[in-house]
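> Could you slot chain B onto chain A? The hints should help.
Protein chains: 2
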Amino acid sequence: MPGLLLGDAFPNFEAETTIGQIKLHEFLGDSWGVLFSHPRDYTPVCTTELGRAARLSTEFSKRNVKMIALSIDCLEDHHSWSKDILAYNCEDSACRSLPFPIIADSKRELAVALGMLDPDEKDKDGLPLTARCVFVIGPDKRLKLSILYPATTGRNFDEILRAVDSLQATAGKRVSTPADWKPGDCVMVPASMPEEEAAALFPAGVYTKDLPSGKKYLRYTPQQ
Amino acid sequence: MPGLLLGDAFPNFEAETTIGQIKLHEFLGDSWGVLFSHPRDYTPVCTTELGRAARLSTEFSKRNVKMIALSIDCLEDHHSWSKDILAYNCEDSACRSLPFPIIADSKRELAVALGMLDPDEKDKDGLPLTARCVFVIGPDKRLKLSILYPATTGRNFDEILRAVDSLQATAGKRVSTPADWKPGDCVMVPASMPEEEAAALFPAGVYTKDLPSGKKYLRYTPQQ
Numbered sequence: 041m042p043g044l045l046l047g048d049a050f051p052n053f054e055a056e057t058t059i060g061q062i063k064l065h066e067f068l069g070d071s072w073g074v075l076f077s078h079p080r081d082y083t084p085v086c087t088t089e090l091g092r093a094a095r096l097s098t099e100f101s102k103r104n105v106k107m108i109a110l111s112i113d114c115l116e117d118h119h120s121w122s123k124d125i126l127a128y129n130c131e132d133s134a135c136r137s138l139p140f141p142i143i144a145d146s147k148r149e150l151a152v153a154l155g156m157l158d159p160d161e162k163d164k165d166g167l168p169l170t171a172r173c174v175f176v177i178g179p180d181k182r183l184k185l186s187i188l189y190p191a192t193t194g195r196n197f198d199e200i201l202r203a204v205d206s207l208q209a210t211a212g213k214r215v216s217t218p219a220d221w222k223p224g225d226c227v228m229v230p231a232s233m234p235e236e237e238a239a240a241l242f243p244a245g246v247y248t249k250d251l252p253s254g255k256k257y258l259r260y261t262p263q264q
Numbered sequence: 041m042p043g044l045l046l047g048d049a050f051p052n053f054e055a056e057t058t059i060g061q062i063k064l065h066e067f068l069g070d071s072w073g074v075l076f077s078h079p080r081d082y083t084p085v086c087t088t089e090l091g092r093a094a095r096l097s098t099e100f101s102k103r104n105v106k107m108i109a110l111s112i113d114c115l116e117d118h119h120s121w122s123k124d125i126l127a128y129n130c131e132d133s134a135c136r137s138l139p140f141p142i143i144a145d146s147k148r149e150l151a152v153a154l155g156m157l158d159p160d161e162k163d164k165d166g167l168p169l170t171a172r173c174v175f176v177i178g179p180d181k182r183l184k185l186s187i188l189y190p191a192t193t194g195r196n197f198d199e200i201l202r203a204v205d206s207l208q209a210t211a212g213k214r215v216s217t218p219a220d221w222k223p224g225d226c227v228m229v230p231a232s233m234p235e236e237e238a239a240a241l242f243p244a245g246v247y248t249k250d251l252p253s254g255k256k257y258l259r260y261t262p263q264q
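Those protein sequence lines, which keep their order, are chains A and B.
Residues 41 to 264 (the numbering used here) are what the first sequence spells out, left to right.
Residues 41 to 264 (the numbering used here) are what the second sequence spells out, left to right.
Extracted from the complex, chain A is given alone in its bound form (with noise of 0.2 angstroms):
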């Protein structure tokens, strides 16, 4: 069944890559996991998307987070194509690797059980094209958050970096981010919880914000 849910099982598939042969959660280990794929190599904006990638990785590395690339062309193009974005990112093509593997689905086998073409866009055989699809894989290999934008839209790479973010401040912990919400902010205490739980887990304090209901859910902590 294509299209994957949130807490779905992420499935363990082994595929061809940049890196060599890989199964997925080898690859991961006990790392947290995004997984994204572009519509073709050689084209524009996933130029400019695998380069912003490129950029962020350190970023991505340091809140252990594993990256992985996905489209359905071949290994020979994958790593002629990566000299094209180090390029774009101004890096010395000749000496440098991109900081991720690229997966090569030729088949399209892992575009179509993951649910990640776009119909709207075809080759020149008139099959679909992979969308730009980004799944977060937590450490227990299961679907954290997914986004789907279609070929012509590149995405946001930093809007994926805060989601991290807020994925792993909220994750086994009592709290959750508010809309918008970027490391450092505020966080928000869970509606269920008894004031006087709130008060004992959360020493830095506790606001609360008077509404019209007269419900006192809307409490905010600084994050720790």
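Since the hints were derived computationally from the structure, they do not count as laboratory data.
It cannot be assumed that every hint is accurate.
As the list claims (entries may be wrong) - Straight-line alpha carbon distances no greater than 30 angstroms define the calculated DSSO-like cross-link-like pairs of lysine-lysine that follow:
#, chain 1, residue 1, chain 2, residue 2
1, A, K222, B, K147
2, B, K63, A, K256
3, A, K256, B, K162
4, A, K181, B, K213
5, A, K147, B, K256
6, B, K255, A, K164
7, A, K181, B, K164
8, A, K147, B, K255
9, A, K164, B, K162
10, A, K162, B, K213
11, A, K255, B, K147
12, A, K162, B, K162
13, A, K249, B, K164
14, A, K162, B, K123
15, B, K123, A, K249
16, A, K256, B, K123
17, B, K255, A, K255
18, A, K255, B, K162
19, B, K249, A, K222
20, A, K123, B, K102
21, B, K255, A, K102
22, B, K123, B, K63
23, A, K164, A, K213
24, A, K256, B, K147
25, B, K249, A, K123
Using the frame of chain A, we list chain B on its own:
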């Protein structure tokens, strides 16, 4: 089948909302649509999110986008909670109403059909709540873009607006938008378009970046 893919026809469901019974396609008319779900009324993150969505609603209207929210709560809760959202936005909740309707999916029928549930977040009866799902629907009633965040991670409605701007800037046009694009930035020329055609189609100029591959696909043109 839960989970909608890009290009799928968006179901013309009937629903109970804070503005009465609607059929989705009739509600949308010729507009674009943004359907977004939240876990629960009277909860902290959802209040900040719907507050942010309400503040941005004139921006969405300007772009001919109709917004509609959804959760598994009942109509009565939606109505009373709306006053809290307006108060959170520092607006007079006595004489105003939210600028978009909220669907009351109290039987979870739409949440299940559209793959919106978050298995990690359950109500007191152990049933899963709705995740933070966003569907952007085109005037052709097909899915253009989707995001799926868990209950713990508040969304970024500015990114949703940016994505809508890209969808609209590229719909029916032979351009696409690079990573992190904002309205007014240059757009990109399709890799497959011959040089002469690009020169004729984009009289404001086409700028090509030199790349190690020698291929001439990284081409920008001012947004028209």
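> When the structure is checked against the list of hints, which entries are broken? Sort them ascending.
Result: hints 1, 2, 4, 9, 12, 14, 17, 19, 20, 21 and 23 break, sorted rising.
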